[in-house]
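Residue numbers (this note's numbering), protein chains in the order written: chain A, 1 to 369; chain B, 370 to 679; chain C, 680 to 938.
Treat the hints with caution; some may be incorrect.
[Said to hold, decoys possible] Dumping the calculated DSS-like pairs for lysine-lysine here, alpha-carbon to alpha-carbon at most 30 Å:
#  : chain 1 : residue 1 : chain 2 : residue 2
1  : B       : 530       : A       : 241
2  : B       : 530       : B       : 643
3  : A       : 75        : B       : 387
4  : C       : 907       : C       : 927
5  : B       : 387       : C       : 824
6  : A       : 241       : C       : 927
7  : A       : 241       : C       : 824
8  : B       : 578       : A       : 21
9  : A       : 73        : B       : 530
10 : A       : 241       : C       : 790
[As the list claims (entries may be wrong)] Example chain A residues on the side facing chain B (calculated, C-beta under 10 Å, incomplete):
#  : residue
11 : 40
12 : 44
13 : 97
14 : 149
15 : 179
16 : 194
17 : 233
If you are wondering where the hints come from, they were derived from the structure by calculation, not from laboratory data.
Ideal Cβ placement from N, Cα and C applies to all residues, glycine included.
Residue-level listing of the chains:
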Amino acid sequence: MTSTLTPVRKRSALTKGQLPKFAPYVVLALALVVGAAIMAVIGFNAFGWGIVSAILFTAGLVGWSAAVEGGRKAKDKLATCLVVGSFLVALLPLISVIWTVLVNGLPGLLDPGFLTTSMNGVTGAFDNKSVEEGAPVVGGIYHALLGTIQITLLATVISVPVGLLTAIYLVEYGEDRPLARAITFFVDVMTGIPSIVAGLFAAAFFFAVVGPGTKTGAVAAVALSVLMIPVVVRSSEEMLKIVPNELREAAYALGVRKWRTILKVVIPTAISGIASGVTLAIARVIGETAPILVTAGFATNINSNVFSGWMASLPTFIYTQILNPTSPSNPDPSSQRAWGAALVLIILVMLLNLGARLIARIFAPKTGR
Amino acid sequence: MTTTSLTQSRGAGRAGDKVFSGAALAAGCLILAVLFGVALFLVVQAIPALVASPDKIQGGEGFFAYIWPIVIGTVIAAVIALVIATPVAIGVALFISHFAPRGLASGLGYVIDLLAAIPSVVYGAWGAAFLAREISPAYDWLANNMGWLPIFQGPASATGKTILTAGIVLAVMVLPIITSLSREIFLQTPKLHEEAALALGATRWEMIKMAVLPFGRPGIVSAVMLGLGRALGETMAVALVLSSGALTASLIQSGNQTIAAEIALNFPEASGLKVSTLIAAGLVLFVITLGVNMIARWIISRHKEFSGAN
Amino acid sequence: MSKRIDVKDLNVYYGKFLAVEDVNINIEAKSVTAFIGPSGCGKSTFLRTLNRMHEVIPGARVEGEVLLDGDNLYGPGVDPVTVRSQIGMVFQRPNPFPTMSIRDNVLAGVKLNNQKISKGEADALVERSLQGANLWNEVKDRLAKPGSGLSGGQQQRLCIARAIAVEPQVILMDEPCSALDPISTLAIEDLINDLKDQYTVVIVTHNMQQAARVSDRTAFFNIAGTGKPGKLIEVGDTHTIFSNPTQKATEDYVSGRFG
């Protein structure tokens with residue numbers, strides 16, 4: 001007689017009192033339209049439109065949710081909007097910086113001779129001429145590029161052995177001794193040394209040891225090493241730690257000495273991670289400006305000897321071209337050179353970052369499966 | 370097969386072990402020596418400025434009168450940076466750890482890391498050439514509408530090269546530091562706590578409030594402290610962006626100066642006592658950042674032991 | 680090429696904690712001796728003291744004597760590296776060196792010690808060792824491939840080949856089959872049977888059937904409770920230990936009443 005009837009409903013009981021799936025899109029469209037209208041009244045610009053629309057979207061969605069779903073769900077929606085919003089806000093400067101550098105840097109970079117000539121003999125007169133008479137912008141970054149490569153290379157040659165050996169001490173010999181713990185703590189502290197203080201230290205050290213006013217590429221390399229060593233120690237330490245203890249034990253059980261085990265088994269196993277960490281450390285210091293500013297001076301000519309004479313570098317080149325244009329009355333050519341150099345520097349840093357990832361992948365131990 | 374006695378050594382002898390472990394130990398000690406040397410050489414080179422008669426120091430009123438306005442300026446710039454960067458960084462960290470789709474999360478983390486990869490001088494150039502120009506209308510608005518607040522007192526700088534602009538650039542630079550540390554801490558939140566909160570019917574935000582944020586609080590604090598250390602010592606963003614001057618309360622006028630920028634702007638041409646004065650200023654900066662970093666590391670290490678006990 | 684081991688009054692400490700107490704045991708040359716017992720009874724710890732591998736663990740130390748054909752491993756002036764080149768070890772989980780090919784893994788003991796060896800000698804040694812580990816036929820065509828590409832059982836036999844390539848007197852095995860499937864386990868057990876013709880083999884195992892299958896003599900270790908030291912309860916012919924033990928605890932354990 002009685003048949004069990006499944007009640008026919010449009011929506012499941014579990015989705016009752018929820019905003020429909022399309023709600024965010026509707027609110028977004030409305031916010032964009034209303035935002036555009038408001039901006040049209042007070043004067044349109046894209047940035048303001050985005051901000052106003054985002055605020056309207058958040059208010060609209062949270063308000064609707066509060067009305068339909070209640071306070072708790074509305075708060076959840078508000079938090080989601082804020083979190084996603086903060087991520088978008090964080091992207092703004094990244095996009096803006098890269099865009100600014102690209103737009104301003106390409107003309108400089110495409111200038112013939114930009115990568116192959118130095119600033120030796122380039123005076124304000126040339127720049128005035130290029131602005132007033134339309135002559136091409138002369139001068140380039142060859143000397144700065146060379147200086148950056150030399151200084152960074154020397155800093156790497158100093159930092160990698162010291163940093164790697166320290167990491168080996170911490171992982172293989174430290175055994176949680178007080179000295180090992182002190183080194184770990186101070187390496188962490190060292191990562192926080194302001195770069196300009198590292199520069200001042202190197203300057204003060206060479207002033208005291210070699211003579212007042214000693215400014216060479218080598219002094220800058222020492223300053224960069226102070227910044228680089230803790231980075232190398234930290235990354236190498238992490239990499240050595242993840243080498244399984246079983247491999248060390250396997251080597252010891254074959255009657256292999258500890259130092260040979262470390263050199264022939266542990267380091268080869270971790271080498272991809274170590275190399276990629278070193279590359280990242282190079283990427284970090286290659287863009288440092290302040291320490292080079294106080295240690296290597298300014299140079300406009302090519303200097304291929306890191307141990308004597310002032311030396312230019314890309315970051316200090318950018319800095320001086322902006323702050324003290326070659327021709328104070330016509331700063332545009334200097335600014336063009338500075339942005340060109342900035343573009344080259346960013347490309348270098350990005351290549352190093354990319355290189356680090358490639359190294360990590362290519363040199364990783366192969367499974368052969 | 371001849372049997373070998375156990376006391377016989379074979380292969381490269383024990384000397385290799387001694388040399389190698391000695392070298393590793395020496396490298397470790399070298400790092401301690403360098404840190405000690407940083408302090409020592411800064412002190413030695415700074416002494417002439419500290420003991421010189423007041424009228425010889427720039428400004429004519431002694432080292433203390435010279436240093437304190439730029440210490441205040443340094444703190445102002447760093448505080449602005451943190452006030453802006455901290456909420457955004459925590460939001461970004463939460464987005465990557467708990468909101469973004471799983472597959473995207475690591476890629477988004479890499480995008481934020483790109484922010485850290487851009488050299489500081491490029492940020493400085495961007496701040497000076499782009500941000501300062503774009504933001505100066507906003508300063509006019511602040512001066513006109515909120516000028517009754519001392520920090521927004523007009524007339525606003527026409528170029529936009531103010532300490533607030535420098536602070537915003539600094540905020541962009543410390544953002545990735547705070548983000549990456551907070552993200553790591555958030556990801557370490559015990560899954561059990563999160564699932565317990567969700568099983569009680571909590572929304573995602575309530576779960577974050579109940580489980581993630583309380584767990585991550587010490588981590589956030591130390592991340593902010595490390596960001597502070599970076600912001601205090603950052604040179605280029607300020608040296609290129611700020612048109613410096615005497616200490617002023619208004620954030621939207623030109624004026625104020627930070628220690629790092631003061632050194633960068635003056636050291637290359639300095640000589641004699643001026644060098645000592647600037648190195649002494651560097652020493653002050655070193656001590657401040659060292660203190661901030663040590664507190665941050667101490668909080669982290671305490672937190673590590675705490676979470677390890679669980 | 681095999682020697683006997685005699686252990687006299689051996690105590691093992693981790694820092695102040697006494698982990699294994701007062702072990703006396705004689706291990707015959709060219710035989711297989713199995714150590715059995717419940718988890719945490721100190722049998723693996725004790726095994727490691729037989730080639731001084733426990734010294735890798737910070738704070739571990741021993742008192743007493745371990746004599747290899749009369750020479751004390753812990754005598755003054757004895758280099759642990761020399762000890763380990765005469766007493767090899769195979770571990771619980773196969774651990775071939777991931778950066779090396781199969782061939783280089785076998786030669787690891789020679790090459791890592793920087794000993795000069797001609798190519799012909801090396802080829803002969805690789806073939807001899809892999810033959811000895813019953814692996815030659817499976818890998819002879821891909822000696823240049825990474826060792827980590829092999830199956831678990833093959834990897835473990837590669838590790839055994841690596842151990843016998845340095846021509847030790849004794850081979851210690853710490854639960855060598857616990858990470859392997861039954862078929863790979865059978866291959867290793869067959870191999871152990873062959874190895875005892877040339878080497879003294881000591882094997883720690885959780886698996887009593889395995890001990891019964893492969894060993895000539897069996898030693899039973901036990902622990903009175905957590906925090907107490909592990910002790911050697913009884914040692915004897917495998918047949919006797921499993922069918923007619925003198926101690927009640929041994930009988931309980933081998934009959935499956937606990938453990």
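Going through the earlier hints one by one, which of them does the structure break, listed in rising order? 1, 3, 5, 6, 9, 11, 12, 14
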